[in-house]
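Protein chains in written order, with the numbering used here: chain F, 1 to 671; chain V, 672 to 877; chain D, 878 to 1019.
Source of the hints: derived by calculation from the structure; they are not laboratory data. Ideal Cβ positions, reconstructed from N, Cα and C, are used throughout, including at glycine. Some hints could be false.
Claimed, not checked - Okay, the calculated beta carbon distance ranges per label pair:
#1 F:W642 - D:A944: 49 to 55 Å
#2 V:K764 - D:S889: 39 to 45 Å
#3 D:S889 - F:G646: 48 to 54 Å
#4 V:G688 - F:Q647: 31 to 37 Å
#5 V:G738 - D:L942: 26 to 32 Å
#6 F:Q647 - D:D894: 32 to 38 Å
#7 V:T699 - D:D894: 25 to 31 Å
Claimed, not checked - Cβ-to-Cβ under 10 Å is the rule here; a few derived chain D residues that face chain F:
#8 R893
#9 L907
#10 L910
#11 T912
#12 R913
#13 A916
#14 M951
#15 V955
#16 V982
#17 N983
#18 M985
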Amino acid sequence: MTTEIDIQHLGFAMRHAWLVPAFPLVSFVLVALFIRPLSQRFSAVVATLAVFSSWVVACAIACEYYRLCPPGGEHPVLVPWAFEWLRYQPGFTVNVGVIVDPISVLLMLVVTTVSTLVHIYSSGYMKGDPGYGRFFAYLNLFTFSMLGLVAAPNIVQMYVFWELVGVSSFLLIGFYYQKPSAVSASKKAFIVTRFADLGFLIGVLTLGYFAFNLFGATAPAVSARTAAHCTMPLQPMDFLYLTSPEFLAKFGALAAGSTGITLLTVAMVLVFMGAAGKSAMFPLHIWLPDAMEGPTPVSALIHAATMVVAGVYLVARMFPAFAVSGAALLVVAYVGAFTSLFAAVIGTTQDDIKRVLAFSTLSQLGYMMLALGVATMDSPLGYTASMFHLFTHACFKALLFLGAGSVIHAVHSNEIWDMGGLRKKMPITHITFLIATLAISGFWPLSGFFSKDEILASALANGHTFIFGLALFVAGLTAFYMFRIYLVTFWGDFRTDKAHHAHEAPPLMWIPLVILAVLSVVAGYVPMGKFVSIGVEHAEHHGINFAIAIPATIAALLGTGTALLLYTGSGSRADAIARSLGGVHTLIKQKFYIDEVYLFITHRLIFNLVSRPIAWFDRAVVDGSMNASAWATRASGYLFSWMQTGQVQSYSAWFACGAMLVLLVLWAALI
Amino acid sequence: MIASAIYTVLFYAIAAGTILLALAVVNTRKLLRAAVALMGALSTTAGLYAMLDAQFLAGVQVLVYVGGIVVLIVFAIMLTRSGELLEDNPTLKRKLVGAVISIGFLVSSVGAVWGSPFAIASAGKAPANDALMIGKALLDYGPGGFVVPFEVISLLLLAAMLGGIVIARKTPPTGQPFTSGGDLPGEAEVYHPLSQRDDETGGRAS
Amino acid sequence: MNPLIAQIAAHSPGLRDWLALTSVIFSIGLYGLLTRRNAVGILMAVELMLNSAAMNFVIFNRFCLPARMDGSVMAIFVIAVAAAEVVVGMAIFVALYRYRGTVDVNQMNTMQDPVISIEGPGDFNREVMKNINKQYKSRHDH
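Kindly produce the complete structure, drawing on both the sequences and the hints.
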């Protein structure tokens, strides 16, 4: 079934799709420059309304898109709005625009929904903070950047907004800039992601170079029908161009030197490096746990639901290219799988509630990557599953973070061992947190069950049995560490006075919790396979596949049971096990000493072997030559200062001598 | 032939006069006499202009230089009481340095002039009504016209006039370079220091 | 024809003679500029120099482009500039005289006084400062 779409005659929302990122941008400028100095309260109202307006427009776009391309049918990529931004040469232009296809619509909805709820929640959570208005300005900046990233129809716009979300993440992690730990965490996040973005940039340049040079300025690289879905002519940097079969077939045939690896693989691995940095995949994951230094709503919005999935989104966006280069897709799959296991293992030992959630986020992001990695263009179930999990994860992980924020707000501590017994003090938080915990653990009938199920099914269907087993194990671990923090936080006795005096959060904070809890319950019933698809083949996942659901549920039950066994009552059983594991437990608790390895590499090796010589060179040679020239100037000034008598006539005498010299030269030239 | 001979004699006579007067300008000890000598030198220069077929310019020279500038200089001499003072003779060293530099300059410039190949137009008579030609050239905005420099010069003259007024007003109190010069009430009294010392107290004449 | 007259007529001044004359006047002006102590005297010397320079324009006009008037126009400009210069110069001298009681340029040496602040590190700088201050002191002691 094909649908004919007239790109010139779309509905209002589509034609004005730019409104989605524009609302937060305008609000950011207004709040940051004009409203914030006047009224903190009003800043929050304006910021929230702006994001809410974006949500309304995003909903309208979603409705219109699925009216044009009904669920279950083909889902073409539309670029209903764009303008020319950079024109390098004929046939090589970079546009700014809004892309509308299933995943961008999904992401727009997720971002605006979570952002709106986080804005509402923050107006309660941040009350009394001196940086109240600034916080909302930053949140708006972030929302704008994220929506711009999601809407990017070409890889250059995505890169620009990619950096912008990095900057807003930096600003928000370092929001409490008086706190040294927050400052260093923000720097760490920025530097690690920048380092990863270096790879992304090289990948972008490689792709752009070959896209332009393989086809030249005129050759059409995509079918006329695809091009008809864009308001502007396709350009080499456009995703539609880069993922078109014509381009990939030609580019995929080029080998990088004599290594046997195709250039396409190299470029895609570089692009994946950027994605891994933003989504905190294994070797570059170190910034995410530290990023929890930011205010908790920020963790919910940026470091759980939206920004960290940008990497997943990028891989999904470039999926056809990854699929053509099978090796790059395998890298995605194994990095994702390893990260999900690695983070889940660390998550079982951490004591800071936000850190556990951060490692859980890492683990779930690994899950999404893994799902993308096991998909192919012929059986794209993993693609759908990944997007599905992204969607449900955004709901329940934002809920978990906001719930954790609510608890932290009440107890004024991040340590789970400072809490305990909070179920009586904070009933709403307790219930919503329980729902989220059940959802992330994958219990029927909550949303996490369905999306996890699809991921496992796709892994098994495409023959990745090892990854399937690993994912199953991680599902068990997830249930274990989630129930661990749930039980320690909400059950048992009050461990401290602070926990004893805790009370329920204000309505501004619990209303978003309730909304997210409802979403976490019902999100699983969205027939995602009908809404999100790639290629012509349709990924239909009919009902519940018991061959997968039963092992998954058993794994979740095992994890939950272990947690119940260890963390109810006195907790001495857990200590005993930790003691019996000895060094292994310490190793895990210290996050496998990855941070220390990084410190060793940077401080010991790079600082001593690279930075010191460069610093010496800078001081001694560069500065030295500058100082020498300054010295020479001063010295000559001192030597010739006797000429400066201050007498007009001595100056004019020198001047006359100079003029005479010129005349003499002239004379000599004439002779 | 006769005319040419007269011209030659006239040239050398006027040139000698100009040089002598110029020497008087720079060497007389009384400044007022120097000013009179300057007037003479400028007048003889007007004669030289006339000999160069620039009659209009000769008139301008007399009007502006002799009639205007020299009078201004005489004013300057009187206002700064330089006429009453018998200036110290310059020291021998100063004279020597001045002589060496100026003679050196003379030698090198004459040398350069003598060595240069000039594109001398052999024939050619100066236009009869040069005033008309100059007036046209000054106000012509086509090629060969000077209307822009002309306007710039008029601006310069205006600026010079304003500058002269501003600078030569009554001296404002120290540290306030641009005031009404004591015209407004409340400003400090004008003082006329006679000493060159400009420290705190010594500069003020009682 | 009287041979004397012919001989005289043969020495009719050419371009180089005229230029030599202006050079002489200019050099005399330069001498005055360098030796006069009174500022008004210097101004007069400068007038001489300007005058000779203006005459050069006319001379070149006469000998190289007799059909045009560019040199005369330039001479008029020079005269105008000279007038402006005298006006401003006179105003300055009058103000100077009011302020300092003299127009002797030998006494106008305030530009020489060292007003250098120690800024930035460096032994050399400090050495220079020491020397300059020593000179300054010795000059102002007597």
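Taking the hints in turn, this is what the structure says about them:
no. : hint                        : result
1   : F:W642 - D:A944: 49 to 55 Å : holds, 53 Å
2   : V:K764 - D:S889: 39 to 45 Å : holds, 42 Å
3   : D:S889 - F:G646: 48 to 54 Å : holds, 49 Å
4   : V:G688 - F:Q647: 31 to 37 Å : holds, 33 Å
5   : V:G738 - D:L942: 26 to 32 Å : holds, 29 Å
6   : F:Q647 - D:D894: 32 to 38 Å : holds, 36 Å
7   : V:T699 - D:D894: 25 to 31 Å : holds, 28 Å
8   : R893                        : violated, 13 Å
9   : L907                        : holds, 6 Å
10  : L910                        : holds, 6 Å
11  : T912                        : holds, 8 Å
12  : R913                        : holds, 8 Å
13  : A916                        : holds, 9 Å
14  : M951                        : violated, 20 Å
15  : V955                        : violated, 18 Å
16  : V982                        : holds, 5 Å
17  : N983                        : holds, 7 Å
18  : M985                        : holds, 7 Å
Figure legend: structure checked against the earlier numbered hints; hints not met, in rising order: 8, 14, 15.
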